[in-house]
Amino acid sequence: MTSLADVLAGIVGPRWVRTAPAALATYAADGLPTHKRTPALVVFPGSADEVCAVLRALHAAGVPFVARGAGTGLSGGALAESPAVLVTLTRMARVMLVDAPNRRAVVEPGVVNASLSRAAAPFGLHYAPDPSSQSACTIGGNVAENAGGPHCLKYGVTTNHILALEVALSDGERVRLGSAGGDPWGPDLVGLFVGSEGMFGIATEVTVRLVPVPPAVRTLLADFASVRAAGEAVSRIIAEGIVPAALEMMDQSTIQLVEASVYAAGYPTDAAAVLLVEVDGREAGVAAEAARTEALCRAAGARGVRIARTAAEREVLWQGRKKAFGAMGRASADLVVQDAVVPRTALPDVLEAIAAVAERYRVRVSNVFHAGDGNLHPNLSFDARDPDQLARVEAASGEIMRLCVDAGGSITGEHGVGLDKLRYMGMIFGPDDLGLMAAVRRAFDPDARANPGKVIPTAQCREWRPWSAA
Amino acid sequence: MPDRLARLSAEVRAAAGGRRRLAPRGAGRWWTGRTEGATVLECAADAGQLRVEAGDLVATAGAGCRLGDLDRRLRDERVWLALDPPGPADRTLGGALASGGAGPLAALFGPPRDQTLGLSVIGGNGTLARTGGRVVKNVAGFDLAKALVGAHGGFGILVEAHLRLRAVPEADATRAWTGALPDVTEAAARVLGAGALPGAFEVLSPELAAAVVGGGAESWTLLVRALGTAAGVREELEAAGAAVSGTRVDVLPPPGDPWRRWPEAVGALPVILRIGAEPSAWQHAVSFAARHLGAAAVGGAGRVSVTVPRGTVRVALAAAEPGALVRLRLECATRGWPLTLERADPALLSAVGVWGALTPTAERLTRALRATFDPHGVFAVPLLAA
Numbered sequence: 184m185t186s187l188a189d190v191l192a193g194i195v196g197p198r199w200v201r202t203a204p205a206a207l208a209t210y211a212a213d214g215l216p217t218h219k220r221t222p223a224l225v226v227f228p229g230s231a232d233e234v235c236a237v238l239r240a241l242h243a244a245g246v247p248f249v250a251r252g253a254g255t256g257l258s259g260g261a262l263a264e265s266p267a268v269l270v271t272l273t274r275m276a277r278v279m280l281v282d283a284p285n286r287r288a289v290v291e292p293g294v295v296n297a298s299l300s301r302a303a304a305p306f307g308l309h310y311a312p313d314p315s316s317q318s319a320c321t322i323g324g325n326v327a328e329n330a331g332g333p334h335c336l337k338y339g340v341t342t343n344h345i346l347a348l349e350v351a352l353s354d355g356e357r358v359r360l361g362s363a364g365g366d367p368w369g370p371d372l373v374g375l376f377v378g379s380e381g382m383f384g385i386a387t388e389v390t391v392r393l394v395p396v397p398p399a400v401r402t403l404l405a406d407f408a409s410v411r412a413a414g415e416a417v418s419r420i421i422a423e424g425i426v427p428a429a430l431e432m433m434d435q436s437t438i439q440l441v442e443a444s445v446y447a448a449g450y451p452t453d454a455a456a457v458l459l460v461e462v463d464g465r466e467a468g469v470a471a472e473a474a475r476t477e478a479l480c481r482a483a484g485a486r487g488v489r490i491a492r493t494a495a496e497r498e499v500l501w502q503g504r505k506k507a508f509g510a511m512g513r514a515s516a517d518l519v520v521q522d523a524v525v526p527r528t529a530l531p532d533v534l535e536a537i538a539a540v541a542e543r544y545r546v547r548v549s550n551v552f553h554a555g556d557g558n559l560h561p562n563l564s565f566d567a568r569d570p571d572q573l574a575r576v577e578a579a580s581g582e583i584m585r586l587c588v589d590a591g592g593s594i595t596g597e598h599g600v601g602l603d604k605l606r607y608m609g610m611i612f613g614p615d616d617l618g619l620m621a622a623v624r625r626a627f628d629p630d631a632r633a634n635p636g637k638v639i640p641t642a643q644c645r646e647w648r649p650w651s652a653a
Numbered sequence: 144m145p146d147r148l149a150r151l152s153a154e155v156r157a158a159a160g161g162r163r164r165l166a167p168r169g170a171g172r173w174w175t176g177r178t179e180g181a182t183v184l185e186c187a188a189d190a191g192q193l194r195v196e197a198g199d200l201v202a203t204a205g206a207g208c209r210l211g212d213l214d215r216r217l218r219d220e221r222v223w224l225a226l227d228p229p230g231p232a233d234r235t236l237g238g239a240l241a242s243g244g245a246g247p248l249a250a251l252f253g254p255p256r257d258q259t260l261g262l263s264v265i266g267g268n269g270t271l272a273r274t275g276g277r278v279v280k281n282v283a284g285f286d287l288a289k290a291l292v293g294a295h296g297g298f299g300i301l302v303e304a305h306l307r308l309r310a311v312p313e314a315d316a317t318r319a320w321t322g323a324l325p326d327v328t329e330a331a332a333r334v335l336g337a338g339a340l341p342g343a344f345e346v347l348s349p350e351l352a353a354a355v356v357g358g359g360a361e362s363w364t365l366l367v368r369a370l371g372t373a374a375g376v377r378e379e380l381e382a383a384g385a386a387v388s389g390t391r392v393d394v395l396p397p398p399g400d401p402w403r404r405w406p407e408a409v410g411a412l413p414v415i416l417r418i419g420a421e422p423s424a425w426q427h428a429v430s431f432a433a434r435h436l437g438a439a440a441v442g443g444a445g446r447v448s449v450t451v452p453r454g455t456v457r458v459a460l461a462a463a464e465p466g467a468l469v470r471l472r473l474e475c476a477t478r479g480w481p482l483t484l485e486r487a488d489p490a491l492l493s494a495v496g497v498w499g500a501l502t503p504t505a506e507r508l509t510r511a512l513r514a515t516f517d518p519h520g521v522f523a524v525p526l527l528a529a
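Order-wise, the sequence lines are chains A and B.
With our numbering as the guide, the letters of the first sequence map in order to residues 184 to 653.
With our numbering as the guide, the letters of the second sequence map in order to residues 144 to 529.
Rather than coming from a laboratory, the hints here were simulated on the basis of the structure.
Predicted model only: the values in this text are computed from it and were never measured.
A portion of the hints provided could be inaccurate.
Here are the in silico distance ranges between beta carbons for each label pair [as the list claims (entries may be wrong)]:
1. A:A408 <-> B:A153: 55 to 65 Å
2. B:T502 <-> A:P266: 29 to 39 Å
3. B:P503 <-> A:A203: 20 to 30 Å
4. A:A495 <-> B:R507: 31 to 41 Å
5. B:P397 <-> A:E535: 21 to 31 Å
A virtual CB, placed ideally from N, CA and C, is assigned to each residue, including glycine.
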């Protein structure tokens with residue numbers, strides 16, 4: 184009898200199917216160290232046709248599957264547990280078209296985020312969503328998770344930049360969603376698909392919106408003696424009607440870890456918090472916004488405000504922020520990069536509460552986050568080999584989620600639910616809300632074989648109520 | 144569940160149980176006429192409570208809230224909502240989100256779906272469900288609001304929305320140029336090619352320009368609006384002016400406030416359709432519309448408005464033949480452009496469908512979604528022609 188691996192090898196070639204335990208172990212985790220799952224096998228299709236053929240074969244065999252890009256996800260969203268097959272899309276990495284007059288590009292899902300902006304640069308355009316992992320993460324993964332990034336404050340997150348998709352449904356059928364201009368053909372199936380965490384199908388082609396590279400940029404670093412003062416500066420900037428391209432905050436623990444690493448950016452190590460603010464646009468407007476931002480930071484109590492004078496200085500300031508997670512790797516063997524959202528004005532109170540949680544559970548928590556939109560990233564340093572530490576990190580994470588929800592927030596702003604946040608979904612959604620989500624998923628994937636076991640909790644069989652019977 | 148929602152829920156449940164069909168109605172200012180075989184379900188009797196958190200740039204409003212009232216309340220707190228669909232100011236928020244049509248502000252801020260952080264909806268089984276949340280960034284669970292905004296009430300009754308607000312900018316100004324359609328087309332392309340990111344960037348047909356801009360706007364008219372700091376606004380408009388120099392368009396005096404007049408001027412006509420073309424091809428969509436619906440109707444008495452950076456062409460007409468609309472839709476489909484019938488009387492909507500010319504798989508998904516949200520087929524909204 185022909186094995187599934189043989190069938191898939193017949194589609195993609197034997198070289199692109201992995202079954203050896205050592206090879207599978209490579210794909211047992213993503214960027215989140217607390218979850219591991221081993222797939223039955225890994226297949227690497229090289230084209231949309233091959234993706235569809237693979238999914239048809241899996242449909243015929245009744246086998247579930249999980250799509251994966253670069254594996255940089257931070258919620259365990261791209262983990263597959265046998266008998267599920269992992270469909271890895273990194274071979275599909277062509278930028279197929281940059282259409283400058285229409286400010287759009289057509290790409291395969293395995294294109295790395297940063298390389299898309301590089302391809303658009305000669306046309307004076309760029310792809311705005313910029314997750315911290317942008318040098319590795321793929322557009323397909325960004326679509327699945329509705330990824331964000333520091334510059335999403337002004338330009339919007341992934342969903343605001345996807346015009347059209349070609350999707351392989353779980354039975355291998357191919358469908359085009361959306362249009363080249365972005366208008367939907369019926370209900371907004373593109374908007375619905377973005378952020379569906381691979382549970383509606385696999386995007387095999389993505390049409391993205393590009394935006395002009397701003398002619399002028401100013402990057403400011405403001406340092407504060409208290410997190411509360413930094414939070415006040417954020418509120419003042421936003422209330423003024425200024426929309427910075429990015430408005431990022433780092434706390435003292437993060438600053439010290441960055442400055443002790445090879446990514447040192449010259450942040451003041453005695454500051455309780457720093458704000459990294461970037462304004463962009465045309466020259467005179469940017470100069471006015473930068474001056475006003477500096478004044479607002481000083482009025483809120485900034486001890487100092489530094490403006491990058493050159494592109495190189497700007498790069499260094501951003502390096503500290505974008506590589507902060509890497510710098511944290513020096514503090515411990517493992518790191519959980521948490522993700523939650525709170526109303527912006529609640530940031531100071533929530534940060535104080537997080538500090539109290541960290542103390543209670545004896546866990547080092549370093550905060551680096553998108554202050555402009557209230558998207559927190561508390562980073563918990565620990566050693567996963569120590570069950571006690573792991574348990575304390577899990578408990579602290581749960582308390583942090585609870586206090587963010589109690590502050591009016593949400594359990595994830597850009598990393599997705601995946602496996603990690605399943606247990607928190609009940610904090611923000613009721614049984615009917617989750618029941619409707621499950622039903623909508625089945626409109627795309629009636630057998631629920633695409634990325635099973637994610638987003639909608641089923642552990643106790645009572646988290647959600649079937650929608651049709653509700 | 145609040146009493147007002149419990150009442151709606153009970154009515155939907157009863158209709159589902161009795162195999163009756165319902166025609167949801169807000170203020171009755173957009174969809175007019177009676178849908179045959181359906182009972183009108185009044186949804187806007189109670190606007191609910193408006194909660195504004197200006198510091199967080201979010202608000203929560205009942206679907207019955209009137210757009211004009213909402214705008215006034217928000218501006219009192221120095222914030223605003225980038226939602227300017229066609230229609231009168233006493234349209235309801237729920238109706239505006241259900242119809243999903245954007246206005247000129249979509250050029251920078253995106254369509255209504257991008258202003259919607261979360262929704263509460265009563266599905267066709269009478270159940271209240273929530274999606275999204277009250278924060279500006281959120282990826283918890285599937286983003287069902289995307290499917291509901293623009294579904295014309297065919298998936299469920301929108302009862303409450305969490306909205307993304309903006310702080311009122313320091314400056315807000317508009318410049319206008321007028322000329323023959325080919326010249327305005329070229330001018331618009333040059334502004335776009337110069338890297339413009341204006342708040343609004345709209346081309347208006349002569350009849351619409353006369354209603355919206357007045358004062359000498361007797362031909363096709365290009366409007367560019369900038370919002371931000373005074374220096375930034377001045378610079379954006381100067382850049383637009385520099386981009387169009389050398390083209391054969393004439394500069395108009397700065398218009399007063401065309402954007403307040405635009406929604407009523409477009410919404411004054413009973414048939415409105417939207418073509419989703421590309422930013423570089425919108426003029427061809429206008430030509431298609433003129434060919435199928437009549438040059439006099441489209442370029443003359445009709446009102447055409449193009450959101451250039453999105454390639455969206457909106458055509459408002461006094462009347463249209465179903466056959467002509469279907470032929471126009473099919474020709475648009477050959478270019479990959481969807482045509483949405485945003486507004487028409489029930490008979491025309493039933494004949495043409497709000498949506499059409501979907502690929503078989505997209506249509507299957509659409510029907511499956513509709514059957515999911517409304518398992519008993521309660522809502523009498525002709526989304527797809529029979």
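Against the structure, the hints:
1. A:A408 <-> B:A153: 55 to 65 Å: holds (57 Å)
2. B:T502 <-> A:P266: 29 to 39 Å: holds (32 Å)
3. B:P503 <-> A:A203: 20 to 30 Å: violated (41 Å)
4. A:A495 <-> B:R507: 31 to 41 Å: violated (54 Å)
5. B:P397 <-> A:E535: 21 to 31 Å: Since the Cβ atoms of B:P397 and A:E535 sit about 49 Å apart, the hinted range of 21 to 31 Å is violated.
The structure shown violates the earlier hints numbered 3, 4 and 5.
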